[in-house]
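Colleague: With the sequences and hints as input, model every part of the structure.
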Amino acid sequence: MAPCVGCGEGECVFRKDALTDICELITGDAELHTMFRVDGERVACPLEGPFRFSYDNGFGACADPMSHIDKCADDSKLKLSYQACADIHQSEHKSEQLECLATWQEGSRNYLVGRRSSRNILTDEESFRCFMYRSTEKGFAVAQSADAKCRGLESSSYSLELQTRSYPPAACFLPSWMTAFGEWQTLDGRHGYQLNENRLSGFRKLIVRNGRVLHADSCLEIRNETNAGAILLSFTLEGCRNGYMCHKIYNRAHQILEIESGLLTADKADACDESSFTNSHLETLLPVSSLADSECPHRGRYALSSMRDEVNCEDAESTLDFGCLDGHTITIKQACDSKRPDRSLSNPLIQGS
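Residue numbers (full-length UniProt numbering): 1 to 353.
Be careful, since some hints might not be right.
The calculated label-pair distances, taken between Cβ atoms and stated as ranges, are [as the list claims (entries may be wrong)]:
1. F173 <-> E125: 46 to 56 Å
2. D124 <-> D273: 42 to 52 Å
3. G58 <-> F277: 46 to 56 Å
4. T164 <-> F277: 31 to 41 Å
5. D124 <-> V208: 28 to 38 Å
6. E154 <-> N210: 32 to 42 Å
7. Y158 <-> P65: 51 to 61 Å
8. I121 <-> T284: 40 to 50 Å
Here are the simulated lysine to any residue pairs, SDA-like style, with alpha carbons at most 25 Å apart [as the list claims (entries may be wrong)]:
9. K248 <-> D188
10. K248 <-> V288
11. K94 <-> D147
12. K268 <-> N224
13. K94 <-> L214
14. K71 <-> R52
15. K79 <-> L206
16. K149 <-> S118
17. K71 <-> R119
18. K248 <-> G189
19. K248 <-> R190
20. K268 <-> L206
21. K138 <-> S157
22. K138 <-> Y82
23. K71 <-> D267
24. K71 <-> P168
25. K248 <-> V213
26. K149 <-> S54
27. K149 <-> T123
28. K149 <-> G58
29. K94 <-> L122
30. K94 <-> S54
31. K248 <-> Y167
32. K248 <-> K138
33. K268 <-> V288
34. K248 <-> F181
35. K94 <-> R119
36. K248 <-> N224
37. K248 <-> L320
38. K268 <-> I249
39. K71 <-> T136
40. K94 <-> A146
In short, the hints are calculated from the structure, not lab data. The structure presented is a predicted model; accordingly, all values stated were derived computationally and were not measured. All C-beta atoms, glycine included, are put in the ideal place defined by N, C-alpha and C.
Modeller: Right, here's the structure in full:
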């Protein structure tokens, strides 16, 4: 179902005419009502950013100081930071987040439906807005509706002039032992790390359950790279904030990485300082794609004393077999439980050593 629908309304008819006949009574100049789907899925914002912009709220253009639009880690969101101009009535310093819900084109006109959110926006009527935009030499010219309707944009008194700006570009490549796989996942399955399309210059961290992006990282500098690990400095989008982040990446074995990420910092020089890692923790990563088995380390059969202490069987012994079956399988045999089969732990554990 489309997230935005325009609906024309005719007069009430008190006769049993065919539906098509009744609909033909709606005139071409009938008021068009706009309906928004509240739980509609988001789309990638067509105005990617980042931008500087001036805005006109009907009282003149506020261009000094300029306002800013920043990208978010989730490409369906933008952050708009408005500045107040001393000589412009009703201009104000405020911040809004815009979720992009729908885009379409009519001739040379491009349209966007978005949902705004901030501390001062409390109702759906206040949050939903329509935008009409076109390209200019410096960026985009954007007209915004004054209310939750998609009509009258051609004569809207609220407009924005966007000027393209840029973030620090990617300036290094990820280590080859990381780019061997395009997607990694933490051992608990909660978080995923997706490499950029070319697998070379950056990655995104996301929540596996719902696909929400936590941060997107672009490689700026690689330090101390060896086959055992590297330190990566990135320009990072975290939520709708941006700055610099340092990552310590360890190549523990083929198909096994560990990563420790520091805090987001405004100053590039502070990102890799040890104080940025005060509350950090290591995450162990495995490739999402099918994995090749590896030989079990310390091959042999071992007694599990902790499990033996928990059972009441005389002379019973639980055992752990490392690679005795086929070289890459761990088998746990629990004593005094004839109804429970031996447990084999294969691919999920023995991926490297």
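Colleague: Hints first: check each against the structure and report whether it holds.
Modeller: A quick look at each hint next to the structure:
Between F173 and E125, the C-beta spacing of about 49 Å keeps the proposed range 46 to 56 Å intact. Distance hint check: the CB atoms of D124 and D273 are about 45 Å apart, consistent with the given range 42 to 52 Å. A hinted range of 46 to 56 Å for the beta carbons of G58 and F277 is consistent with their spacing of about 49 Å. One distance hint, 31 to 41 Å for the beta-carbon pair T164 and F277, holds here, with the actual separation near 35 Å.
Between D124 and V208, the C-beta spacing of about 31 Å keeps the proposed range 28 to 38 Å intact. For E154 and N210, the hinted distance range of 32 to 42 Å is satisfied, since their beta carbons lie about 38 Å from each other. Checked against the hint of 51 to 61 Å, the pair Y158 and P65 fails, with Cβ atoms roughly 19 Å apart. I121 and T284 have their C-beta atoms about 41 Å apart, which keeps the hinted 40 to 50 Å range intact.
Taking the CA atoms of K248 and D188, the gap is about 20 Å. The hint holds against a cut of 25 Å. This hinted pair checks out: K248 and V288 have alpha carbons roughly 21 Å apart, not beyond 25 Å. Our distance criterion of 25 Å between C-alpha atoms is met by K94 and D147, whose separation comes to about 18 Å. Between K268 and N224 the CA atoms are separated by roughly 17 Å; this keeps the pair inside 25 Å, and the hint holds.
A hinted pair counts as satisfied when its Cα atoms are at most 25 Å apart, and K94 with L214 qualifies at roughly 24 Å. The straight-line distance between the Cα atoms of K71 and R52 is roughly 12 Å, inside the 25 Å bound, and the hint therefore holds. In summary, the hint linking K79 to L206 is supported, as the alpha carbons are separated by about 19 Å, within the 25 Å threshold. The suggested pairing of K149 with S118 holds, with an alpha-carbon distance near 19 Å, which does not exceed 25 Å.
A hinted pair counts as satisfied when its Cα atoms are at most 25 Å apart, and K71 with R119 qualifies at roughly 20 Å. Restraint check: the Cα-Cα separation between K248 and G189 comes to about 20 Å, which is no more than 25 Å; the hinted pair holds. Taken as a hint, the K248 and R190 pair is honoured in the structure, with Cα atoms around 20 Å apart against an allowance of 25 Å. Between K268 and L206 the CA atoms are separated by roughly 23 Å; this keeps the pair inside 25 Å, and the hint holds.
At most 25 Å may separate the alpha-carbon atoms for a hinted pair to count; K138 and S157 meet this at roughly 21 Å. For the given pair, K138 sits about 19 Å from Y82 by alpha-carbon distance, which is consistent with the 25 Å threshold. As the CA atoms of K71 and D267 are separated by approximately 19 Å, the hinted pair is consistent with the 25 Å bound. Distance check on the hinted pair: K71 and P168 sit about 13 Å apart at the alpha-carbon level, within 25 Å; holds.
Between K248 and V213, the direct Cα distance comes to roughly 20 Å. Compliance with the 25 Å bound is thereby established for this hinted pair. Annotation: proposed proximity of K149 to S54 holds, straight-line Cα distance about 23 Å (limit 25 Å). The suggested pairing of K149 with T123 holds, with an alpha-carbon distance near 14 Å, which does not exceed 25 Å. The hinted pair formed by K149 and G58 meets the criterion: a straight-line CA distance of about 18 Å does not exceed 25 Å.
At roughly 15 Å between alpha-carbon atoms, K94 and L122 fall within 25 Å of each other, so this suggested pair holds. Between the alpha carbons of K94 and S54 the distance comes to roughly 14 Å, so the proposed pair stays at or under 25 Å and holds. Distance hint between K248 and Y167 is fulfilled; the C-alpha atoms sit about 23 Å from each other, no more than 25 Å. Note on K248 and K138: the hinted pairing is violated, with a Cα-Cα distance of about 39 Å set against a maximum of 25 Å.
At most 25 Å may separate the alpha-carbon atoms for a hinted pair to count; K268 and V288 exceed this at roughly 32 Å. Restraint check for K248 and F181: satisfied, since their Cα atoms lie roughly 18 Å apart, inside the 25 Å limit. As the CA atoms of K94 and R119 are separated by approximately 10 Å, the hinted pair is consistent with the 25 Å bound. The straight-line distance between the Cα atoms of K248 and N224 is roughly 10 Å, inside the 25 Å bound, and the hint therefore holds.
For the hint linking K248 to L320, the alpha-carbon distance of about 34 Å lies beyond 25 Å, and the restraint is violated. Of the pairs offered as hints, the one joining K268 and I249 holds, with about 19 Å between alpha carbons and a cut-off of 25 Å not exceeded. Straight-line distance between C-alpha atoms of K71 and T136 comes to about 20 Å, which keeps the hinted pair within the 25 Å bound. Straight-line distance between C-alpha atoms of K94 and A146 comes to about 17 Å, which keeps the hinted pair within the 25 Å bound.
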